[in-house]
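In the order they appear, the protein sequences are chains A and B. Take 122 as the starting number for the first sequence in the working numbering and just add one per residue. Take 41 as the starting number for the second sequence in the working numbering and just add one per residue.
Derived by calculation from the structure, the hints in this document are not laboratory data. Since the model is a prediction, treat every value here as computed from it, not as a measurement. A portion of the hints provided could be inaccurate.
[What the hints assert, rightly or not] Derived, one-sided and incomplete: chain A residues facing chain B with beta-carbon distance under 7 Å:
{"hint": "1", "residue": "S275"}
{"hint": "2", "residue": "P277"}
{"hint": "3", "residue": "L279"}
{"hint": "4", "residue": "P350"}
{"hint": "5", "residue": "P377"}
{"hint": "6", "residue": "P398"}
{"hint": "7", "residue": "W399"}
{"hint": "8", "residue": "N416"}
Just so it is clear, CB atoms sit at the ideal spot from N, CA and C, and this is done for glycine as well.
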Amino acid sequence: MTDKQITGSSKAHRNGIEALSQKRNISERLRYIWKLLWNDKSGLIGLILFLIVVFAAVFAPMISTADPLDQNLKISKMPPAWHEGGSWEHPFGTDPLGRDLYSRVIYGSRVSLTVGFFGVLIAGGLGMIVGAIAGYFGGRVDDLVMGIINMILSLPYLLFVVFIAAVLGRSLLNIILIFGITDAPIFARVTRGEVLRIKELGYIESAVCAGARWPRIVFDHILPNLIGPLIVLSTFEMSAMIFYEAGLGFLGLSVPPSVPSWGNMLSDGRLYLQQHPWIATYAGLAIMFTSLGMNLLGDWLRDVLDPRRRRARK
Amino acid sequence: MLRYFLSKILQSVLIFLGILLLVFAMVRVTGDPAALMLSRQVSQDDIEEFRERMGFNDPLIVQFGRFMSGAVVGDFGNSLHYKTPAMPLVVERMPATVQLAVTGLLMAVVIGIPLGILGGFKPGSIFDNLGRLVALLGQSVPNFWLALIMILFFAVRLGWFPSFGRDTWKSVIMPAFVLGLPILGRIVRLTRSAVLEIRDEDFILTAHSKGLELQTIYRKHVFPNVAIILVSVIGVSFGYMLGGSIYIEAIFAWPGMGGLLEQAVGWRDFPLVQAIAVFTSVVVLGLNLLTDVIYAVVDPRIRYDR
Numbered sequence: 122m123t124d125k126q127i128t129g130s131s132k133a134h135r136n137g138i139e140a141l142s143q144k145r146n147i148s149e150r151l152r153y154i155w156k157l158l159w160n161d162k163s164g165l166i167g168l169i170l171f172l173i174v175v176f177a178a179v180f181a182p183m184i185s186t187a188d189p190l191d192q193n194l195k196i197s198k199m200p201p202a203w204h205e206g207g208s209w210e211h212p213f214g215t216d217p218l219g220r221d222l223y224s225r226v227i228y229g230s231r232v233s234l235t236v237g238f239f240g241v242l243i244a245g246g247l248g249m250i251v252g253a254i255a256g257y258f259g260g261r262v263d264d265l266v267m268g269i270i271n272m273i274l275s276l277p278y279l280l281f282v283v284f285i286a287a288v289l290g291r292s293l294l295n296i297i298l299i300f301g302i303t304d305a306p307i308f309a310r311v312t313r314g315e316v317l318r319i320k321e322l323g324y325i326e327s328a329v330c331a332g333a334r335w336p337r338i339v340f341d342h343i344l345p346n347l348i349g350p351l352i353v354l355s356t357f358e359m360s361a362m363i364f365y366e367a368g369l370g371f372l373g374l375s376v377p378p379s380v381p382s383w384g385n386m387l388s389d390g391r392l393y394l395q396q397h398p399w400i401a402t403y404a405g406l407a408i409m410f411t412s413l414g415m416n417l418l419g420d421w422l423r424d425v426l427d428p429r430r431r432r433a434r435k
Numbered sequence: 041m042l043r044y045f046l047s048k049i050l051q052s053v054l055i056f057l058g059i060l061l062l063v064f065a066m067v068r069v070t071g072d073p074a075a076l077m078l079s080r081q082v083s084q085d086d087i088e089e090f091r092e093r094m095g096f097n098d099p100l101i102v103q104f105g106r107f108m109s110g111a112v113v114g115d116f117g118n119s120l121h122y123k124t125p126a127m128p129l130v131v132e133r134m135p136a137t138v139q140l141a142v143t144g145l146l147m148a149v150v151i152g153i154p155l156g157i158l159g160g161f162k163p164g165s166i167f168d169n170l171g172r173l174v175a176l177l178g179q180s181v182p183n184f185w186l187a188l189i190m191i192l193f194f195a196v197r198l199g200w201f202p203s204f205g206r207d208t209w210k211s212v213i214m215p216a217f218v219l220g221l222p223i224l225g226r227i228v229r230l231t232r233s234a235v236l237e238i239r240d241e242d243f244i245l246t247a248h249s250k251g252l253e254l255q256t257i258y259r260k261h262v263f264p265n266v267a268i269i270l271v272s273v274i275g276v277s278f279g280y281m282l283g284g285s286i287y288i289e290a291i292f293a294w295p296g297m298g299g300l301l302e303q304a305v306g307w308r309d310f311p312l313v314q315a316i317a318v319f320t321s322v323v324v325l326g327l328n329l330l331t332d333v334i335y336a337v338v339d340p341r342i343r344y345d346r
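Sequences and hints are given; from them, build the entire structure.
Rendered as structure tokens:
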């Protein structure tokens, strides 16, 4: 690839890691990262959107205006404040049970981020271990593991997730486990590919010559070099999990119905779409902006961190 | 070449057996399939009777043997809701889903390829930015939400399209578009990066130096290479769309397989869910196999690689 093809990214960011590793202290590094972000507006927008969601989740009790579980049938299906009949007491209006939609959207971010974060943590942990072992040992172990992984990846994913969720029943833990386990193959595949590439490099050979055993080589010498690609993958997978969790919620298969989650809100609003469209609107917007932010952030991180992209660009 | 195909076929058969095992295990993972399939109000006697009738009291290995011998000929028992064999119910719904997926795919290809080629041809241009925006939206807009919003605007407010059903040619447009949007995004992305990569290859440089016109170069040298990539996208996309059809068909009341799955889950009709899962997997497996074959025929590099 030549230079003119690099669009949407700045000159500075082309040599991301190299330049970063030259900066000595933390404040210089942070300043450099900030410069990279500032030069690439889409990455900055992504980060801001993501931080807004994190902020909403962490400070939910402070920035919400009402208890998201408080029912009041007298004010059910109230329109948003800027519509006729709305009031600023309930900025986004209320749902069929009279619960405050704004506060529910805010609290909904907690469910989404929890599922995304722990889902990725489990999937990443499992996938990394399995993928590293398959990639490092190769041979029959690799054939077996990759066979199973390819089998799982060739299934219609969503359909099986719906199937499993229907069997296990509605709980936050079940949802996290479902995504954590079904998503692990993707992490395993990426890890394996990277390990295959890295284990041929000279410094691994010298570690082997120096008498290092395999756990040391895999965990001390190979895996640290995978952090970049895995962070990128995690961003995309977390966004996908948030998406799919909302989808399951929409089908009534995610967290219990009383829990304020974006998927559950969409599911509540679907029945009232024609007369009271706002019930589904804001939860949908929240999912969209979260997903948009994480995808932009992921694209940016990939450009800065992924060694293959960097190599391809030279 | 033959060896390559045979190994692919063998692989698919193994995956199929793996799927059967998975589907069998899944309804038994909670330990009590009878409780899973019946509602809570059912009396103890009825649960016992149900267990006996479904054969849940037999040893697991006997159950597995019975399940497998039925499954390989497409027999998954009766649907609990319809009280008729499950598999024909699924097969009957398939054409509607295929119609939806093919229409969505066509829309994605017809819009996505030109947009991707234009973007790759001139990065940073208006078309490129438009393409990137489409790709980003395809990735981040939740399709179940988009479906609701489109119904609200184009069906309820404007009245251009019917909001549900499968009665006229107009009915298919909205659900197919929503289902195809993520694929559209992916096609734009892949086409764009493929064009970017190909246009720097030596054979394109040769074509330029021969003095060929730009149009000819793109038609004869760039496009065939882009088309190869599309073969694989389309194979993968179909599996994705069969999954996505769960929401889209439920929302638009489209009488296909995805809507059936949504209902079957609601009814706790697990024989039907099993039949849907296996049938869809077989369709996806078949498509993957077909994609591999086409790929190997069209692109000789693949055959010699493995």
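We went through each hint and held it up to the structure:
| no. | hint | in the structure |
| --- | --- | --- |
| 1 | S275 | holds (6 Å) |
| 2 | P277 | holds (5 Å) |
| 3 | L279 | holds (3 Å) |
| 4 | P350 | violated (18 Å) |
| 5 | P377 | violated (16 Å) |
| 6 | P398 | holds (5 Å) |
| 7 | W399 | violated (11 Å) |
| 8 | N416 | holds (5 Å) |
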